[in-house]
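Asks: For reference, the chains in residue letters:
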Amino acid sequence: MISFYREQGFIVTGASSGIGEGVALLLNELGATVVAIARREDKLNEMKLKAKNPENIFIEVKDLTEDIEGLPLYVKTLRAKYGKFQGMAYCAGLGGIHPLRSVDMETMQKIFAINYFAPVFMAKGFADKRNNTGQRSSMVFIASGGGIHCDPGMTCYSGSKGALIATMQSIAREIAPTGVRVNCVSPSLIETSMAGEIERQYAEGKYPFGLGKVSDVANMIVYLLSEQSKWITAQNYIIDCGAM
Amino acid sequence: MTRDEFLNEMVEVLQTEDDISFDTVLADLDEWDSLSVMATMAFLDKSFGVKTEMKDYKMMKTIGDIAAKAGL
Numbered sequence: 000m001i002s003f004y005r006e007q008g009f010i011v012t013g014a015s016s017g018i019g020e021g022v023a024l025l026l027n028e029l030g031a032t033v034v035a036i037a038r039r040e041d042k043l044n045e046m047k048l049k050a051k052n053p054e055n056i057f058i059e060v061k062d063l064t065e066d067i068e069g070l071p072l073y074v075k076t077l078r079a080k081y082g083k084f085q086g087m088a089y090c091a092g093l094g095g096i097h098p099l100r101s102v103d104m105e106t107m108q109k110i111f112a113i114n115y116f117a118p119v120f121m122a123k124g125f126a127d128k129r130n131n132t133g134q135r136s137s138m139v140f141i142a143s144g145g146g147i148h149c150d151p152g153m154t155c156y157s158g159s160k161g162a163l164i165a166t167m168q169s170i171a172r173e174i175a176p177t178g179v180r181v182n183c184v185s186p187s188l189i190e191t192s193m194a195g196e197i198e199r200q201y202a203e204g205k206y207p208f209g210l211g212k213v214s215d216v217a218n219m220i221v222y223l224l225s226e227q228s229k230w231i232t233a234q235n236y237i238i239d240c241g242a243m
Numbered sequence: 000m001t002r003d004e005f006l007n008e009m010v011e012v013l014q015t016e017d018d019i020s021f022d023t024v025l026a027d028l029d030e031w032d033s034l035s036v037m038a039t040m041a042f043l044d045k046s047f048g049v050k051t052e053m054k055d056y057k058m059m060k061t062i063g064d065i066a067a068k069a070g071l
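Going down the list, the sequences are from chains A and R. Following numbering that gives the first Met the number 0, the numbering of the first sequence begins with 0 at its first residue and continues without gaps. Following numbering that gives the first Met the number 0, the numbering of the second sequence begins with 0 at its first residue and continues without gaps.
None of these hints come from the bench; they were simulated from the model. Backbone N, C-alpha and C fix where the C-beta goes; we use that ideal spot for every residue, glycine too. Each hint should be verified, as a subset may be incorrect.
Okay, the calculated beta carbon distance ranges per label pair [said to hold, decoys possible]:
{"#": "1", "chain 1": "A", "residue 1": "I238", "chain 2": "R", "residue 2": "D17", "range": "39 to 47 angstroms"}
{"#": "2", "chain 1": "R", "residue 1": "G63", "chain 2": "A", "residue 2": "E6", "range": "37 to 45 angstroms"}
{"#": "3", "chain 1": "R", "residue 1": "K57", "chain 2": "A", "residue 2": "K109", "range": "28 to 36 angstroms"}
Chain A extracted, bound-state conformation (with noise of 0.2 angstroms):
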């Protein structure tokens, strides 16, 4: 069974929606400090009406994508104010289908600052060591099963999760002797504002146990920034109920 300290602070991106939301309440539920950071205060705040705990929910209002560089001083500076952290969940992200003839460099900027860049400079700021607590810490990222298994229109989307979960590999192995573990989580259609009315016909029948719940992911999540899975790095976790 999976529970948590009050000293433990876990950091969530994407906290206000979907399966960040669905992390950040979780992780406050086993009885984690959590730092929600999303780009809206009014959807931080409701999220916060529904935790266990609201005391240890600590609301952080930004842009990941406003300045991608300075995102290791940002994480210094949520160190500086809320003590080292044990983990990060990123999960902010854009979806979107775009066939090729419609992609051009805006777009794929868009998707690409906040599905990749932004990860990877926030994975540089937790990965200082003076922003971390070492052993036992860890980093898990949302990828998508889209990552991997890449259908029509997906350029950018794809493209984004692919590099990501490529990324979050070698990052791993690299600070794997300062203890700190990196996972990436991919997956499919999740029942959540992410999905459109496109992505839903094109899943109807696909999931034999029907669409999937952010609680369904969230477990996975939870469970790779819990000391339980201490022995588990560099992985990508595929969960599409066998679909792909």
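Given chain A's structure and the hints, the job is docking chain R onto it.
Replies: Coordinates of chain R only, in the frame set by chain A:
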């Protein structure tokens, strides 16, 4: 870059929580591993246009030796 600024940059390169000076002996730092050497190589190249190789670092004993390589 001043010598003080160089020291601050080295704190970031090494990601150390210890106080360092130009007399700090590299071998005494827990952080002085191969990744730190590579990060130092990138730092000297980017900030000073100074290209170094792994073997250069075998001769260096202190932070001051790295500063000398950077021309400070």
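Asks: Evaluate each hint against the coordinates.
Replies: Cross-check of the supplied hints:
1. A:I238 / R:D17: 39 to 47 angstroms: Because 42 angstroms falls inside the window, the suggested range holds.
2. R:G63 / A:E6: 37 to 45 angstroms: holds, 40 angstroms
3. R:K57 / A:K109: 28 to 36 angstroms: Because 46 angstroms falls outside the window, the suggested range is violated.
Consistency note: the structure conflicts with earlier hint 3 alone.
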